[in-house]
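The primary structure of each chain is shown beneath.
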Amino acid sequence: MDITFLLNGETVELADVDPTATLLDWLREDRGLTGTKEGCNEGDCGACTVMITDEGGAKALNSCILFLPQLHGKAVRTVEGASGPNGEAHPVQQAMVDLHGSQCGFCTPGFVMSMVASHSSGAKDHDTQLAGNLCRCTGYAPIIRAAKAAEEHPVPVWVKDEPVAALAASPMLPGSSDELAAVYAENPDATLVAGATDVGLWVTKQLRDLDPVIFLNRCDDLKDISITDNEIRFGAMVDMNRMGEALTDLHPSYAEMIRRYASVQVRYAATVGGNIANGSPIGDNPPALIALDATLHLRKGDTRRSLPLEEFFIDYGKQDRSPGEFVEAVSFPRQPDRLKVYKLSKRFDQDISAVCGCFNITVSNGVVDQARIGFGGMAGIPKRASHVEAALNGKPWTQETVQAAILAFDDDFTPMTDMRASATYRLETAKALLERYYLEDQGEVTNVLEVSA
Amino acid sequence: MSVTKPLPHDAAPLHVSGTARYVDDIPTPKGTLYLAFGLSPIAKGKITAMDLSAVKAAEGVEMVMTAEDLPFANDVSPSIHDEPLLSDGTVHYIGQPVFLVVATSHLAARKAARLGKIDYDEETPILTVEEALAADSRFEEGPRIYAKGDADAAIAGAAHVIEGGFELGGQEHFYLEGQAALAVPNEGADMLVHSSTQHPTEIQHKVADALGVPMHAVRVETRRMGGGFGGKESQGNALAVACAIAARATGKACKMRYDRDDDMVITGKRHAFRISYRAGFDEHGHIQGVSFLQYAICGWAQDLSLPVADRAMLHSDNAYLLPNARIESHRLKTNTQSATAYRGFGGPQGMIAIERVMDHAAYELGLDPVEMRRRNYYDPAHPPTMEPEHLAKRPLERVDPHEDLTSLGAVEQVETAPPVRPVPEGGNTTPYGMEVTDFELHGMTEALLKSSDYVARKAAIETWNAKNSVVKKGIAFSPVKFGISFTLTHLNQAGALVHVYQDGSVHLNHGGTEMGQGLFQKVAQVAASRFGIPLEMVKITATDTAKVPNTSATAASSGSDLNGMAVKAACDTIRDRMADYLAERHQADPSSVTFTDGHVSVGEERYTFAEAAALAYQGRISLSATGFYKTPKIEWDRIKGRGRPFYYFAYGASVTEVAVDTLTGENRILRADILHDAGASLNPALDIGQVEGGYVQGAGWLTTEELVWDDKGNLRTHAPSTYKIPACSDRPDIFNVALWDGQNREETIYRSKAVGEPPFMLGISAWLALSNAVAACGGSYPALDAPATAEEVWRGVQRIKGGI
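Top line first, the protein sequences correspond to chains E and C. Residue 401 in numbering that gives the first Met the number 0 sits at position 402 of the first sequence, with consecutive numbering throughout. Residue 216 in numbering that gives the first Met the number 0 sits at position 217 of the second sequence, with consecutive numbering throughout.
Isolated chain E (complex conformation) (with noise of 0.2 Å):
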């Protein structure tokens, strides 16, 4: 396909694109731009950010992951454009000189651009801002210094782009639902792309040929987001950050958890749609949403079909979706909000989840009307633990309530040992996690992240 976009402010025009070539590959091996770092590959360092600027502004976002196709009409700042015209260094640059905030200056590009795109959006929230940029030399002080002392300096204009008018690529670059379910239904072995923080390391890690590729990134009328006095629905499109924002005012214990999800790059590039249609047991959405009592809505063609979200994760690597048919949305209903997300993982932030627990558990007049609980990381698929919700539901809300519904987590779930946890650390933190969240209702201190020295 053809692609259009902006690279540091130049118009670059490129014919029959290899649709799973990475923005990291394509700087560095064909134009000679190798400010952008690899490190990792796969999206968990950094090193290789770059800006991205479209309809949705400033971004920073992952190259190593990014297929070409993904940045038709948009704008592409890399490191080489960080600094004027001139060479004029950006605030984050001169303070990371003056502060000392590189050392090996690896992973330095990274930051810079990290920096430069949050510093653009006027965020202030540096360790959230940078937490997808890893640093093995300084210990990040003396970066967090230097972010903050760029804080009061002016966007330098250089560095404001403006995406571009592109017309349609390509057939596989679908700009509307309707055209998606189209060229799905005509290709239905294709491997649909939405944010590529799964799929790209298919490409490279497992070294896979993808063939045919749609792209879903231009279906703009599925990145809606609508909030009713009934229902929120989000479109599967919406990328991580826009949810967690979305999220903040109605369910904040699983906008919190948003924000430990991954880094800022790759929240801006992952979607719920495709944190979902995956199916892996370990994506902390689904066991939120389930807790939630959310429904899923699927379209192949032009039928559309809903299901109760925990029904469309049948077996491990096995969902409910036939050939063709693609996650349109997700929604749930209006509620108070009683839902608590926890995240265990070795890494506060930035980690994949050993243990995702989500627990919607109402109360009225000390009895639990109805208890919701969600588990990733549990099973071969994202579950529900519904032994333990019935041992709760209609009993008085109490410790001894509680310690007795803990029993049935015994009967829910038979986890793994792998890397990340054991299967006995798994299944007691489990129950733990039920105490922490009957301990926190009633006001007791449980969240290290809240204490300070």
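These aren't lab readings, by the way, just hints derived from the structure by calculation. Warning: the hint list may mix true and false statements.
[Unchecked claim] Derived pair list, reagent style SDA-like, types lysine to any residue, alpha-carbon separation capped at 25 Å: (1) E:LYS204 to C:MET64; (2) C:LYS711 to E:LYS147; (3) C:LYS800 to E:ALA407; (4) C:LYS632 to C:GLY741; (5) C:LYS55 to E:ARG207; (6) C:LYS538 to E:GLN93; (7) C:LYS466 to E:SER175; (8) C:LYS538 to C:LYS45; (9) C:LYS4 to C:ALA679; (10) C:LYS632 to C:GLN492; (11) E:LYS147 to C:LEU738; (12) E:LYS204 to E:ALA20; (13) C:LYS466 to E:GLU399; (14) C:LYS711 to C:TYR119; (15) C:LYS466 to E:MET415; (16) E:LYS299 to E:SER175; (17) C:LYS45 to C:ASP118; (18) E:LYS204 to C:LYS110; (19) C:LYS110 to E:PRO211; (20) C:LYS711 to E:MET415; (21) E:LYS317 to E:ALA378; (22) E:LYS204 to C:LEU106; (23) C:LYS110 to E:LEU206; (24) E:LYS204 to C:ALA53; (25) C:LYS45 to C:ARG137; (26) E:LYS204 to C:THR103; (27) C:LYS110 to E:ALA164; (28) C:LYS45 to C:THR27.
Use these hints to put chain C onto chain E, whose structure you have.
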């Protein structure tokens, strides 16, 4: 003077603009080929059949090589030639290179490397301490033992005895820039190699042997690494040798870089240890005797494991005067990646055990852990009171010139040394008989306790813990005393080459490599100070084996100590020549000629440095000089464990506070206070950078960084998705780092101290603080393993609550 100034890293403007060049960024000649290794999928066995036809037929493949195709040495070992570049028919770990693909692109090479069809006669791998001991699978003939006094008797007679042990995980370096090399064939049989290495001379040596040429035919250049941490001391050999061989075979430039997953699967890591201890104390907490049993898991090849394990033994005292000590060290050979150098080089593993003993004993005796430590510190700094133990000079023996003498794994010839005088009883000596005369920790501890408000915070934590049942806090103190020098004594030498051009600009080269630590800047500051000129007049250039030969690895924190002194010597030679010349012309005394503020003054005359350089040139004065330095006073017998292996010690101390969720084990660092001794710092900004970064890396080792192998020997944590180094928010919320206002008591470069490795071990206080928080659950001493992941902390809570 430009020394002592907190100047930014010399390459910082290049780093932030993406113009700092790493090996993979170097523009390559037309037709450059790219390499990838085919790897063994089994941990132990013999190759019975190899079908590489699909590899050869793959798109873009130009050549496929196996061990049989190697013209000369098939050896990338830095020590005893037990590490072939390509498998010699047996395989020893999952990830061992078996064949080499040469292709037209990095991707084509990677794809083809997965197409090999190889049959193996699989054997049962040795993966654990138990399996290695059962099979007596080890390096060296048996355990090394260093001893002072009679530890067993002292422990037996002590009022209080503690015993324990723990598992101590390894650590992936996770340098952000993976291993990389580029070989460019030059005319004749010459080869130019660009390598991301801490040890260009070793690369030169290995490449020369592999090509069957003298070392003079190979030139290795290293401008910078994107992080090293010890992981590029020997682990770059394979890539550089592979590139050189392929470049020779094809006549084209060849480049190789490991994809991150390959890098983690192929290369060695920090040695994992199992350590057990017994220690006896009197009722005041004075240590009577301690005995350590160390099992070092070395992996499949020797690499640098012997000096690493030695250094673990040498740091088993850390800051404490042990009247009686016994350290027994086993170096176990297993079918895993060959463990290698990593910041601290075994020191952290040795040190953490005595720190564990101190905390454990304080717990049992009901003493404050800081007080416990202070009672056992070495005596404060003082002039030597004892004659140093001198090892007799041995007659020179013949050395095989093909031995890689510049490697830390090189063979040391000590067997002919006569017995040394036994250690006098009661001296302020280490378990290896070295008198400690520069001990700074009494004053540092006092200052840190005050600045960190330790006493009040400890009380506040007790109050918090009494009120909160779920989230417990903990606090811990740990000191560092780290020995500075290569324990292989002959490596403690360095060379430099300095040119002054007729315009007064200075071109500087030395044997050290730049991996982010700021060595080049520090050394340039030295040169600028010697000539009294602004730093901008000094150009630091890539490390190059053609400019300075026979260099040691930039390791053991030695970079600025050794190279700073060598550069100083070279500069002073030129300066003296200029002074002599100008003095002669002005009929002045050469010693009256001064070099300050960019000017050279002689008598009443004042020249700019450039004018002085031009005059000297016209006067036919050589403005180029080499410099050389060797560390004085050191001598060491590693077999007997006797001598003075270290020129001096660097010190540090830290206090860390943590919070632990006792329900899940989730934990984090709330605050860290650090006071570190960099002597009279050459550059306080760079040194504080080393301290901050070292602490976080050390804390990462002991908390989130867990290496997991399955029961087949497969490394399951081979990418940042599964191996978790600290991220931004894992640094302490409150992070106070200060340098101790002191100076080296030995005559180092401007009285500074080495700073690369020592701060790493400040992270031990984070591990101890977690233990302290878990102890708040009551019951017994929470004997945590390391790393203390959330799961391990949770297990600790369960253990002392009697849950599991």
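Consistency of the hints with the structure:
This hinted pair checks out: E:LYS204 and C:MET64 have alpha carbons roughly 23 Å apart, not beyond 25 Å. Simply put, C:LYS711 and E:LYS147 have alpha-carbon atoms about 48 Å apart, too far for the 25 Å limit, and the pair is violated. Between the alpha carbons of C:LYS800 and E:ALA407 the distance comes to roughly 22 Å, so the proposed pair stays at or under 25 Å and holds. Of the pairs offered as hints, the one joining C:LYS632 and C:GLY741 holds, with about 21 Å between alpha carbons and a cut-off of 25 Å not exceeded.
Under the criterion of a C-alpha separation no larger than 25 Å, the hint pairing C:LYS55 with E:ARG207 is consistent with the structure, at around 19 Å. About 22 Å separates the Cα atoms of C:LYS538 and E:GLN93, which keeps this hinted pair within 25 Å; it holds. Annotation: proposed proximity of C:LYS466 to E:SER175 is violated, straight-line Cα distance about 57 Å (limit 25 Å). The straight-line distance between the Cα atoms of C:LYS538 and C:LYS45 is roughly 52 Å, outside the 25 Å bound, and the hint therefore fails.
Distance restraint check for C:LYS4 and C:ALA679: the Cα-Cα separation of roughly 11 Å lies within the 25 Å cut-off, and the hinted pair is therefore satisfied. For the proposed pair C:LYS632 and C:GLN492, the alpha carbon gap of about 13 Å is at most 25 Å, so the pair holds. Taking the CA atoms of E:LYS147 and C:LEU738, the gap is about 24 Å. The hint holds against a cut of 25 Å. Pair hint E:LYS204 plus E:ALA20 holds up; C-alpha atoms about 13 Å apart against a cutoff of 25 Å.
A threshold of 25 Å between alpha carbons decides the hint, and for C:LYS466 with E:GLU399 the separation of about 22 Å falls inside it, so the pair holds. At roughly 14 Å between alpha-carbon atoms, C:LYS711 and C:TYR119 fall within 25 Å of each other, so this suggested pair holds. For the hint pairing C:LYS466 with E:MET415, the CA-to-CA distance comes to about 36 Å; that exceeds 25 Å, so the pair is violated. Distance restraint check for E:LYS299 and E:SER175: the Cα-Cα separation of roughly 14 Å lies within the 25 Å cut-off, and the hinted pair is therefore satisfied.
A C-alpha spacing of about 8 Å is found between C:LYS45 and C:ASP118, which places the hinted pair at or below 25 Å, so the restraint holds. For the hint linking E:LYS204 to C:LYS110, the alpha-carbon distance of about 10 Å falls within 25 Å, and the restraint holds. A threshold of 25 Å between alpha carbons decides the hint, and for C:LYS110 with E:PRO211 the separation of about 20 Å falls inside it, so the pair holds. As the CA atoms of C:LYS711 and E:MET415 are separated by approximately 17 Å, the hinted pair is consistent with the 25 Å bound.
For the given pair, E:LYS317 sits about 13 Å from E:ALA378 by alpha-carbon distance, which is consistent with the 25 Å threshold. Between the alpha carbons of E:LYS204 and C:LEU106 the distance comes to roughly 10 Å, so the proposed pair stays at or under 25 Å and holds. For the suggested pair C:LYS110 and E:LEU206, the alpha carbons sit about 7 Å apart, so the restraint of at most 25 Å is met. Pair hint E:LYS204 plus C:ALA53 holds up; C-alpha atoms about 20 Å apart against a cutoff of 25 Å.
For the proposed pair C:LYS45 and C:ARG137, the alpha carbon gap of about 20 Å is at most 25 Å, so the pair holds. Between the alpha carbons of E:LYS204 and C:THR103 the distance comes to roughly 19 Å, so the proposed pair stays at or under 25 Å and holds. Under the criterion of a C-alpha separation no larger than 25 Å, the hint pairing C:LYS110 with E:ALA164 is inconsistent with the structure, at around 37 Å. In summary, the hint linking C:LYS45 to C:THR27 is not supported, as the alpha carbons are separated by about 38 Å, beyond the 25 Å threshold.
Of the numbered hints listed earlier, those contradicted by the structure are 2, 7, 8, 15, 27 and 28.
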